[in-house]
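There are 2 protein chains.
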Amino acid sequence: MTELKIIGKPVARHDAWEKAFGLTKYAADFSMPGMLHAKVLRSPHASARIVSINTGRAERLDGVKAVLTAKDVPKNESVTRFGQTHTVGGGFEGLYRVLADKKVHYVGEAVALVAAETEEIAEQALELIKVEYEPLPGVFDPLEAMKPGAPQVEEGRSNIITHFEVIQGNVEEGFAQADLILENTYRVPFVDHAYLEPESGVAWIDEDGVITLRVSTQVIEHFRGIAEVLNLPHNRVRVIAPYVGGGFGGKEDITVESFIALLTYRTRRPVKLTYTREESILCHSKRHPYVLEYKTGAKKDGRLTVLKARITSDSGAYVYLSPWVLTYSMVTAAGPYRIPHVHVDGYTVLTNNIYTSANRGFGAPQVCFAYESQMDELAGRLGMDPLEIRKINYLAKGESIATGQVLEHHVGLPETTQKAWEALGAKSPGRGKVKVGQGIASGMMSYGRMMFLHDTSRSYVSVEMDGSVTVRAGVQDIGGGQSSSLCQIAAEVLGVPLEDIKVYFGDTALTPLAGTTTATRQLYMSGNATLMAAKEVRQTLLKKAGELLELDPERLDLVDREVVDKEGSGKMLNLTEVVRACASDGLPLYHVALFRAPFRTLTQFKQIEGQVFPDFTYGTHAVEVAVDEETGKAKVLKLVASYDVGRAINRLSVEGQLEGGAIYGMGYGLTEEVVIERGEIKTPSFSEYLLPTAMDVPEVQTIVLESGDGVGPFGAKGVGEPSVNSIAPAIANAVYDAVGVRIRDLPLTPEKVLRAIKQKEKSK
Amino acid sequence: MTELKIIGKPVARHDAWEKAFGLTKYAADFSMPGMLHAKVLRSPHASARIVSINTGRAERLDGVKAVLTAKDVPKNESVTRFGQTHTVGGGFEGLYRVLADKKVHYVGEAVALVAAETEEIAEQALELIKVEYEPLPGVFDPLEAMKPGAPQVEEGRSNIITHFEVIQGNVEEGFAQADLILENTYRVPFVDHAYLEPESGVAWIDEDGVITLRVSTQVIEHFRGIAEVLNLPHNRVRVIAPYVGGGFGGKEDITVESFIALLTYRTRRPVKLTYTREESILCHSKRHPYVLEYKTGAKKDGRLTVLKARITSDSGAYVYLSPWVLTYSMVTAAGPYRIPHVHVDGYTVLTNNIYTSANRGFGAPQVCFAYESQMDELAGRLGMDPLEIRKINYLAKGESIATGQVLEHHVGLPETTQKAWEALGAKSPGRGKVKVGQGIASGMMSYGRMMFLHDTSRSYVSVEMDGSVTVRAGVQDIGGGQSSSLCQIAAEVLGVPLEDIKVYFGDTALTPLAGTTTATRQLYMSGNATLMAAKEVRQTLLKKAGELLELDPERLDLVDREVVDKEGSGKMLNLTEVVRACASDGLPLYHVALFRAPFRTLTQFKQIEGQVFPDFTYGTHAVEVAVDEETGKAKVLKLVASYDVGRAINRLSVEGQLEGGAIYGMGYGLTEEVVIERGEIKTPSFSEYLLPTAMDVPEVQTIVLESGDGVGPFGAKGVGEPSVNSIAPAIANAVYDAVGVRIRDLPLTPEKVLRAIKQKEKSK
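Residue numbers (the numbering used here), protein chains in the order written: chain A, 219 to 982; chain B, 219 to 982.
Calculated from the structure, these hints are not laboratory results.
Since the model is a prediction, treat every value here as computed from it, not as a measurement.
One or more of the hints may lead you astray.
Which copy? The list can't say, so a pair holds if one copy fits it or any two copies do.
[Unchecked claim] Keeping only pairs whose Cα atoms sit at most 20 Å apart, straight-line, the calculated DMTMM-like set for lysine to aspartate or glutamate is:
| no. | residue 1 | residue 2 |
| --- | --- | --- |
| 1 | Lys243 | Glu425 |
| 2 | Lys976 | Asp963 |
| 3 | Lys851 | Asp914 |
| 4 | Lys237 | Asp424 |
| 5 | Lys653 | Glu765 |
| 6 | Lys237 | Glu425 |
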């Protein structure tokens, strides 16, 4: 491994052919003989008492095989967990009910389940279930929900799930030192994941009685939660999810799993459930809307002195991952900046809105919009260049963020910023009422999980008798090439061509557990586990080869299915000769490696202190935007994504992630919003919920910097989520540059921009 | 583990319920959507040149998707291998052709394959394939085939595949010392495996292009051989075979695998092939018929002085496992007896008969019939009790067999013999022409593979977060409870009830490789691997529990899902508490253990010397037989199977194996024979090939002795094959006792017995 041969190359993924030809099977493509179809009866009320449920007529409908309500769920109160460890504590685990029992808490909450011979019969049966509701007052605004006397979403429990703090220095002192103080409130909306494959799955009972699910999930380890709902031992549930048609955090929580498992357990027949697009938008989690009250102080020379911020997050009707999303926001609330005095208060609050949980970025894009808008406005007020004010405040390796976490690895922001800006080039000329502006924004986001989650992953690498290699890993491939990068790592270490690698992934029975495919953690975690496992096998091979060749194994390398002497004696062996010699000696040509992220045990869950994440990924977006002053419509003309990725394992995949992330972030900046009024979603389809289309997407230029200083394999960092982070503020900053209006409320719809332009003109 | 709680108990197998209710799926039960059906065109000639094959009309038949001949097979010459190691050498690997090319070598050899939309169309297509043959002379008797000038079965190759020798002392000297010399020739027939599930399988291509087979095999590791036939990397073939509907060695070689893999690879569609019963009898391997020329010498007091033997085995038209079957015969040719001077010559010879290969007992029952008939006749000639002559000659622990292998473990034959005889009780009275006799025979047979095969097995044990346990092992469950005993071992070591164990088995992708499920090796090999893996996890748990309880882990035990202090401090913990604490620390609660049998590298393959097997299982059969002097029909009235099993892991399973083995051996003794005339099988169905039916089966009394001195887990020995060994000679000895005729030619059909009685009467 003196010189990398496969790592860093822009190679085709192992599944490229199958995907291009439509052969790849997703959960929604999966069927079983004798399969029933499920449908879910959902609450039309945001808050109501369930007086009675009568399922008799539905049960008697021909072709209906089961109708289940809360009373049929062995353990109806479930919690969202984080893979293998249960040590989080804090008392605010993400409790939720599988089926509503006494009350409904949001529009769309599941009340009853039907399994029938056809989808049509299941639909008819839903209409025959009679539920009597007694409407109750609800609360729909988190700030309202925090007030004393507000209706309680969960009876007997405060709506405030948690109050977190980050404190550094003394903000009073900071404000005293400031020459300029800037105070603004920002708002970001509910956002849908809008994956290609909606929530879907098939469950069946295998011949040994194991409840087996092929589902679209990012967390096969939910087998435990599903088993608990059914009151079965964990090992009686198997979850299979290799290819997932998009996750974006929306498949981190359980979606269809408990429903189909319950129906299969009852009927002993396979059961399938795929949400309609409308159901997906109306009934499954969203990205948290935030209210971000930011008060920042700076010296005349641009040096930041203070940040006081208050962040309020709408958790919707159930807790799910809200406290952890807020944690991410807290840690990066001050951005990648050196600020001596910081005090951030964060709240996440129950309301009777749709519940909110993980979404690509996990709390980071919300605060990035605030801190990068603030930076731009500060630059303007101080008459500084927006790049300059950032550069003088960027943290450097060895310095610490407001929690006290020391940045132990390279902080590449000066380079990412400079390169992004240079790539953007001279501003294009405007035309008439169409004005052009440029904007920049930087961000930091962790990869890997919070250290107090005690994260681990396992990977199983084995060499076959002909030298071909099998990797088994519990990752899901949600489109990021999670499985392909493991192939590259194994091929590099074992000196075989990529086509000699076969990877099995995403099956709790078949693959060792790798934890969740979330938190931009799989390249870091399972990549390192695969590296460890492959190195162990490599060592066994080289040791045996050394014996056979009578050479020090240190001199030997594995290259192209051969063992070669790096010191040029010309001695060599075919890989298969060494493999056979190892087999004869009964030497293990496999290894299951366990990679442990650095651990830390938290003793309190209020003030977020010290080391929270293993490392961060840093990057900058630069955009050029044209704003039509007559319509208010902003259009991105150029987009540059510039990131220090540590090491690009597969350059094509990295570029793909940076491009995809940028467009995902662009939608957040310009068009995407789940509009909710008193708990009712008004944007139930892609006609109202507006994703960027091919027509809206500019060419994205990606700049891939490789400091080699990440904690992933070969120095890689994760980019899946960080790639989304700073697009929206870069657009807002460019809009300001173009037309002089600052929008502090995402998305930057034509209506908002136009209103601001009009207002600005009026106040002239 | 101070006192065994689950090991040794007569517990129900994990799959008992599913099997009782017919829910268990075998390969023949398996179907896939869009599946094609395969048929095989077979040679009607025992020896012929293939002049031409015309497949045109068959290909044009509606619904035919592929017609393949030898030219379509990427690598047509394949070898039978022994799992992971390829180190056998000897130059007589079991070469065979997937499809006949220039010649056919036996009646039933596969010549062409068809895949079609239905079985009926495939059958029709077979009739449309035109093969022109030019018949050649054949050879059908191994003794003829050994003669110079005999037709060569494989052109350019001697018909004698191998000549093995076992030599100890000097037989001339031995004969000089003998007071009595007894010389006889014994013959044993071709025997069919007669499994409930015939050879069967379905192949398909998974979405990643892996050729996947659900087949009825004892060797999932044939994935390598199948890959080589297709010229693919090994990791592009996956073989799945958990439940097998009977193997008896007949599913140790490849049967349908290459055929369905080739057809699937060509058509890209799933393909199924299940042999008809006739096809199974006519075209797949049989147990080797032997000619056994035995010359034994003894002193007046019964002490054996010498054995000179010559064994000739009919390999049929291909080598397959014939040399290895012969090896087993060579090692135990002298039986479990102390004989100072031994010379055994063994030959296995190609003929144009159906090929022969593994069958339960693997060469041991053939020689046992000879040596135990000889012992009985010696006793008679010397006027000794048949038990007595055996007892004075039985080898004891510490002594060695003729190869020089020292018997390092308890030789329980004095006990098994005494108990068997006592259990048989006083002889029942005869009635008129029906005479009653009693007979006894003992045997030894290895369990585990020959040491120069460098045998290894792996097992993967993991503990889930709720304390339930998963075992993954590459064993096939061929009905012996192979998977269930692993559950017991894991439950015992980890202190959880049996119902908390889930076992996944028999899948090259899902389970670590365990080697073949043959050679009575899985309890020994995978049992030990499971024991090792479970102990490793146990140690992790107890160490952590020790920390939590502040007690020396040595004091702790795992009992019923709890950690308890054996020294009675009363301190305890739930298993799940310890599991969670381990997970928090990132301690691995899984282990993949590798068990290595003792190894030995052979330098020559002629004289079989020294240590060949890890250990042997010893046992005795005692039978009472009624012989009708008018019809010659012998009927077993009582049957006692008395074995030292080392340790009964599951008493019910051990008794089941001893009962099943006894009946299997009874068929060998009395009725079973595949009759072949000039290469043509005359017994193509169960109307001609006579298995013992429920009406023929006496009550079998089993005596299970536990010396605790086996090399398997908890001191267990294997019993699957040894249980067959000595029934046939016990019956022959009892027939002699009843009517005074000695039949030296199995099976003891009424015709043979009657002829012998008539001859004896005539010679009076």
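Cross-check of the supplied hints:
For the identical chains of this complex, Lys243 and Glu425 are inter-copy neighbours only, at 7 Å across copies versus 23 Å inside a copy, given an alpha-carbon limit of 20 Å. In this assembly of identical chains, the alpha carbons of Lys976 and Asp963 lie at most 20 Å apart only when taken from the same copy (17 Å versus 110 Å across copies). In the homo-oligomer, the alpha carbons of Lys851 and Asp914 lie at most 20 Å apart inside one protomer (12 Å), although the nearest pairing across protomers, at 92 Å, exceeds that limit. Taking the closest pair of Cα atoms, Lys237 and Asp424 come within 20 Å of each other only across two copies (13 Å); inside a single copy the shortest separation is 28 Å, beyond that limit.
Proximity of Lys653 and Glu765 under a CA criterion of 20 Å is satisfied in neither setting, with 72 Å inside one chain copy and 69 Å between copies. Only between protomers do Lys237 and Glu425 lie at most 20 Å apart by alpha-carbon distance; the minimum there is 10 Å, versus 31 Å within a single protomer.
In this structure, only the earlier hint numbered 5 is contradicted, and the remaining ones agree with it.
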